[in-house]
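**Student:** Read off the chains here:
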Amino acid sequence: MSSLIAWILRAIPFGTIIMYGAMGEIVTEKSGNLNLGVPGIMYLGGFAGFASAYYYENLTANPNPVLSVVIALLCALIASTLGGLIYAFLTITLRANQNVTGLALTTFGMGVANFFGVFILNGSSYSAAPLANKAFAAKIPVLSGLGTVGQVVFSYGFLVYAAIVLAIVLFWFLSRTRMGLNLRAVGENPATADAAGINVTRYKYVATLCGAAISGVGGLYYVLDYNQGIWATTEQIEALGWLAVALVIFTTWKPLNAIWGAYLFGMLYWLYQFLPSLMGISVPSYATDLIQMVPYVVTILVLIVVSLRRKKENQPPASLGIAYFREER
Amino acid sequence: MTKATQTVHEPLLRIAKRDGIPFGKKVLVRAVAILLALVVDALFIFFVTGLNPLAVYGVMYQGTFATPVRISWALRDLATLLCVGIALAPAFKMRFWNIGGEGQVLIGGLATALTMVYLGSSLPAPLLFVAMFVASAAAGALWGFIPAWFKSRWNTNETLFTLMMNYVATSIVACMTNIMRGQASSLGTLNKATKAGWFPVLFGQRYTINIIVVLVLTFAMYAYLKYSKHGYEIAVVGESENTARYAGINVRRVMIRTMIISGAICGLCGFLIVAGKDQTISTTSAGGRGFTAIIVAWLAKFNTFYMALISFLLVFLERGASEIASAYSLNEYAADIITGVILFFILGSEFFINYRVVLRGETHKEGK
Numbered sequence: 001m002s003s004l005i006a007w008i009l010r011a012i013p014f015g016t017i018i019m020y021g022a023m024g025e026i027v028t029e030k031s032g033n034l035n036l037g038v039p040g041i042m043y044l045g046g047f048a049g050f051a052s053a054y055y056y057e058n059l060t061a062n063p064n065p066v067l068s069v070v071i072a073l074l075c076a077l078i079a080s081t082l083g084g085l086i087y088a089f090l091t092i093t094l095r096a097n098q099n100v101t102g103l104a105l106t107t108f109g110m111g112v113a114n115f116f117g118v119f120i121l122n123g124s125s126y127s128a129a130p131l132a133n134k135a136f137a138a139k140i141p142v143l144s145g146l147g148t149v150g151q152v153v154f155s156y157g158f159l160v161y162a163a164i165v166l167a168i169v170l171f172w173f174l175s176r177t178r179m180g181l182n183l184r185a186v187g188e189n190p191a192t193a194d195a196a197g198i199n200v201t202r203y204k205y206v207a208t209l210c211g212a213a214i215s216g217v218g219g220l221y222y223v224l225d226y227n228q229g230i231w232a233t234t235e236q237i238e239a240l241g242w243l244a245v246a247l248v249i250f251t252t253w254k255p256l257n258a259i260w261g262a263y264l265f266g267m268l269y270w271l272y273q274f275l276p277s278l279m280g281i282s283v284p285s286y287a288t289d290l291i292q293m294v295p296y297v298v299t300i301l302v303l304i305v306v307s308l309r310r311k312k313e314n315q316p317p318a319s320l321g322i323a324y325f326r327e328e329r
Numbered sequence: 001m002t003k004a005t006q007t008v009h010e011p012l013l014r015i016a017k018r019d020g021i022p023f024g025k026k027v028l029v030r031a032v033a034i035l036l037a038l039v040v041d042a043l044f045i046f047f048v049t050g051l052n053p054l055a056v057y058g059v060m061y062q063g064t065f066a067t068p069v070r071i072s073w074a075l076r077d078l079a080t081l082l083c084v085g086i087a088l089a090p091a092f093k094m095r096f097w098n099i100g101g102e103g104q105v106l107i108g109g110l111a112t113a114l115t116m117v118y119l120g121s122s123l124p125a126p127l128l129f130v131a132m133f134v135a136s137a138a139a140g141a142l143w144g145f146i147p148a149w150f151k152s153r154w155n156t157n158e159t160l161f162t163l164m165m166n167y168v169a170t171s172i173v174a175c176m177t178n179i180m181r182g183q184a185s186s187l188g189t190l191n192k193a194t195k196a197g198w199f200p201v202l203f204g205q206r207y208t209i210n211i212i213v214v215l216v217l218t219f220a221m222y223a224y225l226k227y228s229k230h231g232y233e234i235a236v237v238g239e240s241e242n243t244a245r246y247a248g249i250n251v252r253r254v255m256i257r258t259m260i261i262s263g264a265i266c267g268l269c270g271f272l273i274v275a276g277k278d279q280t281i282s283t284t285s286a287g288g289r290g291f292t293a294i295i296v297a298w299l300a301k302f303n304t305f306y307m308a309l310i311s312f313l314l315v316f317l318e319r320g321a322s323e324i325a326s327a328y329s330l331n332e333y334a335a336d337i338i339t340g341v342i343l344f345f346i347l348g349s350e351f352f353i354n355y356r357v358v359l360r361g362e363t364h365k366e367g368k
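In order, the protein sequences belong to chains W and P.
Going by our numbering, the first residue of the first sequence is number 1, and it counts up by one from there.
Going by our numbering, the first residue of the second sequence is number 1, and it counts up by one from there.
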């Protein structure tokens with residue numbers, strides 16, 4: 001029982017990282033832009049958030065936790081939006097190939113984060129922002145003490161709950177508001193949307209930038225909460241970014257599915273550590289290596305089942321990956 | 001439309017599609033783009049590190065060209081990256097999003113390594129190489145075939161499928177290296193004593209075979225895509241599956257066949273890496289090339305000779321950056337930034353090749 005709880009306590013924070021990445025990408029893809037730069041954007045957001053929190057903590061005499069959260073969030077949002085802007089300008093205005101631009105952005109973002117990260121590390125293998133970490137990881141005061149339920153439900157940092165709220169807001173936005181419907185129209189058929197008087201370029205820009213900002217929060221959450229406020233030169237965020245892209249397809253472009261999908265991913269990801277103790281067996285280390293493939297195999301199986309059902313509403317936006325040029329119809 | 005209404009409603013800048021652009025101008029646009037990117041990178045280097053950018057670029061050049069050994073390393077890396085690019089080209093030309101190059105390379109490398117270890121002492125050298133070749137190509141082909149089969153049958157999303165196959169391959173490699181190394185802390189060099197399954201040194205060069213194989217593949221893939229019936233079918237399926245079906249092309253078969261070829265060449269690349277370069281296998285043997293090669297293939301529009309040029313540019317930057325890193329005690333991630341900026345500029349420059357910006361009041365010429 002206790003290892004089950006420990007498992008959930010690892011899975012939900014893990015899921016939250018890729019949930020942010022995936023929700024950002026859902027918004028972006030709804031406008032018809034396939035942004036494979038999510039890992040890069042998560043690097044930018046994570047690093048900017050960490051760097052700002054780190055300098056704020058170390059350069060001010062009496063750092064205020066709330067202010068450090070605000071500063072880190074703001075910097076992460078700005079940095080990831082700028083990353084999104086590079087992508088948006090190249091693919092929307094200059095109509096560059098979306099896949100290559102996204103991959104280049106991933107390379108670029110990873111380079112920027114790790115390059116400047118070295119200056120903060122300054123020779124050591126990691127550096128930390130303990131104050132910001134404490135603020136980001138603060139549990140809900142009274143409720144988290146309420147026995148097992150309190151531990152499992154209420155003992156996470158505020159970004160975990162914000163992610164769930166955001167998923168619900170996005171669901172409402174995409175399916176219940178005029179702007180959301182317009183956005184979906186742009187992603188399905190930009191020419192028709194254009195004819196209906198929707199400003200395609202503006203929608204694509206806003207969606208891509210907002211999407212990047214949301215994805216960037218995933219990186220921030222990884223560094224300042226999940227990773228205990230520690231920055232080290234890492235390739236881990238890239239792997240998480242790809243998982244986020246995978247989760248988008250897994251959720252069939254629906255924000256509400258991202259909630260349970262992300263937590264399921266988290267459970268499966270940590271399976272290798274908790275399965276042996278749950279079943280009360282010991283497993284040789286080479287078998288542990290094999291168990292690590294379970295989340296990916298399950299994803300493949302779900303993918304196949306979804307494709308077997310062939311439902312219309314489970315399809316990607318029809319014009320995903322294609323640049324829109326008004327005179328070319 | 002009368003002239004008066006035109007000037008009232010026309011925006012200041014307007015974008016029009018170009019019909020075609022002379023070859024010389026195309027080269028010029030790209031050269032300017034790379035030059036601008038280098039200027040931006042120079043500014044970045046100067047403002048961040050305070051170093052003289054020209055000196056830094058000089059050091060960068062040394063990274064590839066300073067000594068014959070470095071040139072041979074650069075050629076080896078170029079061959080490896082280009083090989084994955086060649087493998088991915090037919091898949092992407094067919095609009096099949098094979099982002100599983102990484103896994104296909106890894107599983108090919110693993111098949112090679114297993115053959116080396118378990119058959120290295122029992123087979124004569126020529127047979128061993130044949131076995132390694134067949135095993136790696138078959139393993140890679142299988143990794144390409146699985147997603148292709150599901151895609152052709154039930155239209156299963158191949159982007160996610162191939163991406164997931166990367167992780168499956170990584171797990172298998174981790175598991176097998178774990179078994180092979182036994183109690184040792186790492187796998188180390190395979191067949192160190194016998195050198196069974198190592199590519200021999202040819203013409204005084206360790207990597208001659210790698211380079212020759214990739215060179216042959218470059219020509220072969222160019223011809224395959226451009227002049228063969230298969231290549232034509234790939235192009236038609238890539239443009240429109242419905243058109244292909246209407247023209248009597250068996251889309252399912254083309255898809256599966258192309259992915260088997262794509263996967264097999266990726267597997268072969270794993271063979272080259274294990275037998276000709278590292279003489280060992282690890283989960284990072286593919287080194288992200290499965291993703292970088294997508295950039296290579298797309299930017300070159302699947303022309304294998306352009307792919308060689310772009311691979312060279314990327315390898316040059318990577319080697320140059322690690323040289324900068326050690327010369328100025330910076331870190332190698334500078335390479336990623338510089339590469340990213342150059343790619344952004346090249347991608348952006350395509351706009352000026354495909355479109356032209358028309359100023360208000362300029363006469364309309366695109367009609368003729």
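None of these hints come from the bench; they were simulated from the model.
Backbone N, C-alpha and C fix where the C-beta goes; we use that ideal spot for every residue, glycine too.
Be aware that one or more of the hints could be misleading.
Some residues of chain W that are not near chain P, with every Cβ distance over 10 Å (derived) [stated by the list, open to error]:
(1) I86
(2) A96
(3) N97
(4) M110
(5) G111
(6) N114
(7) F115
(8) T233
(9) W242
(10) A246
(11) M267
(12) M293
(13) A318
Residues from chain P that face chain W, not an exhaustive set, calculated with beta carbons under 10 Å [to be verified]:
(14) G120
(15) F145
(16) I146
(17) N157
(18) Q205
(19) T208
**Student:** T233 of chain W clear of chain P by more than 10 Å, beta carbon to beta carbon?
**Tutor:** Non-interface label fails for T233 of chain W: nearest chain P Cβ at 8 Å, not farther than 10 Å.
**Student:** Would you assess whether W242 of chain W, listed as outside the interface, keeps its beta-carbon beyond 10 Å of every beta-carbon in chain P?
**Tutor:** Nearest chain P Cβ is 6 Å from W242 of chain W, so the label is violated.
**Student:** If you take the shortest Cβ to Cβ gap from G120 of chain P to chain W, is it below 10 Å?
**Tutor:** Not OK, violated: G120 of chain P not within 10 Å of chain W, min 21 Å.
**Student:** Quick check for students: does the CB of M110 of chain W sit more than 10 Å from each CB in chain P?
**Tutor:** Non-interface label fails for M110 of chain W: nearest chain P Cβ at 6 Å, not farther than 10 Å.
**Student:** Taking the closest pair, is the beta carbon of F115 of chain W still more than 10 Å from chain P?
**Tutor:** 4 Å, violated
**Student:** Please check whether the beta-carbon of A246 of chain W is more than 10 Å away from every beta-carbon in chain P.
**Tutor:** 5 Å, violated
**Student:** For the restraint on N157 of chain P, tell me whether the closest CB of chain W is nearer than 10 Å.
**Tutor:** OK, holds: N157 of chain P within 10 Å of chain W, min 5 Å.
**Student:** Min Cβ distance, T208 of chain P to chain W: is it shorter than 10 Å?
**Tutor:** 30 Å, violated
**Student:** Does the interface hint hold: is Q205 of chain P within less than 10 Å of chain W, judged Cβ to Cβ?
**Tutor:** With a closest approach of 30 Å, the Q205 of chain P hint is violated.
**Student:** According to the definition I'm using, a residue is off the interface if its beta carbon is farther than 10 Å from all beta carbons of the partner; does N97 of chain W meet that for chain P?
**Tutor:** 6 Å, violated
**Student:** At 10 Å, judged by beta carbons, does A96 of chain W keep clear of chain P as stated?
**Tutor:** Violated, because the least Cβ-Cβ distance between A96 of chain W and chain P comes to about 4 Å, which does not exceed 10 Å.
**Student:** Just want to verify: I86 of chain W was marked as not at the interface with chain P; is every Cβ pair farther apart than 10 Å?
**Tutor:** Given that some Cβ of chain P is not farther than 10 Å from that of I86 of chain W, nearest at about 6 Å, it is violated.
Taken one by one, the earlier hints fail for this structure at numbers 1, 2, 3, 4, 5, 6, 7, 8, 9, 10, 12, 14, 15, 18 and 19, listed in ascending order.
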